[in-house]
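Engineer: Sequence:
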Amino acid sequence: MSSATHILIAALAVGAFFLIVRLVRLKVLKAKYSILWLTVGSALAVISAVPQILDWTAEKLDIWYQPTLFLLLAIGFLLLLAMHFSYELSRMENRIRVLVEEIALLKEKLEKKD
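In terms of the working numbering, the sequence shown is residues 11 to 124.
Don't take every hint at face value.
As the list claims (entries may be wrong) - Estimated spans, in silico, between C-beta atoms of each pair:
1) V56 / L99: 27 to 33 Å
2) A14 / F95: 32 to 38 Å
3) Y75 / L22: 19 to 25 Å
4) G25 / P61: 15 to 21 Å
5) N104 / D72: 40 to 46 Å
6) L54 / I113: 40 to 46 Å
7) L81 / E103: 30 to 36 Å
8) E69 / I113: 56 to 62 Å
9) A14 / N104: 48 to 54 Å
10) D124 / L36: 42 to 48 Å
11) I113 / K42: 23 to 29 Å
Note that these hints are calculated values from the structure, not bench results.
No experiment lies behind these values; they were computed from the predicted model shown.
Cβ coordinates follow ideal geometry from the N, Cα and C atoms, glycine included.
Construct the entire structure; sequences and hints are all you get.
Structural biologist: Below you can see the structure in the form of structure tokens.
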């Protein structure tokens, strides 16, 4: 990658950092999710500032074409992200089911009083 590309990626990482902090301050994004995105942004900033890290890692893993490692890491991250959101969705569905049952019981109690 050219130095202009590295500068662009670094600028995007810094912009994303400020956007994430702003979203957390506005309470649009929860802090637990911001940690994930700040970690990813930091990793991208480091890779853009020191591209030799990716080259060195690709060489140690015997990957001949360095962008392949980047794509492999991105796919792995997206799979982990999908797994995490599936977990959160399942947890929320269980909470909603319990709340609906509690509301139904409370509604029944109110109707019996009348």
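Engineer: Each hint: holds or not?
Structural biologist: Hints, one by one, checked against the model:
no.: 1; hint: V56 / L99: 27 to 33 Å; verdict: holds (31 Å)
no.: 2; hint: A14 / F95: 32 to 38 Å; verdict: holds (35 Å)
no.: 3; hint: Y75 / L22: 19 to 25 Å; verdict: holds (23 Å)
no.: 4; hint: G25 / P61: 15 to 21 Å; verdict: holds (20 Å)
no.: 5; hint: N104 / D72: 40 to 46 Å; verdict: holds (44 Å)
no.: 6; hint: L54 / I113: 40 to 46 Å; verdict: holds (44 Å)
no.: 7; hint: L81 / E103: 30 to 36 Å; verdict: holds (33 Å)
no.: 8; hint: E69 / I113: 56 to 62 Å; verdict: holds (59 Å)
no.: 9; hint: A14 / N104: 48 to 54 Å; verdict: holds (49 Å)
no.: 10; hint: D124 / L36: 42 to 48 Å; verdict: holds (43 Å)
no.: 11; hint: I113 / K42: 23 to 29 Å; verdict: holds (27 Å)
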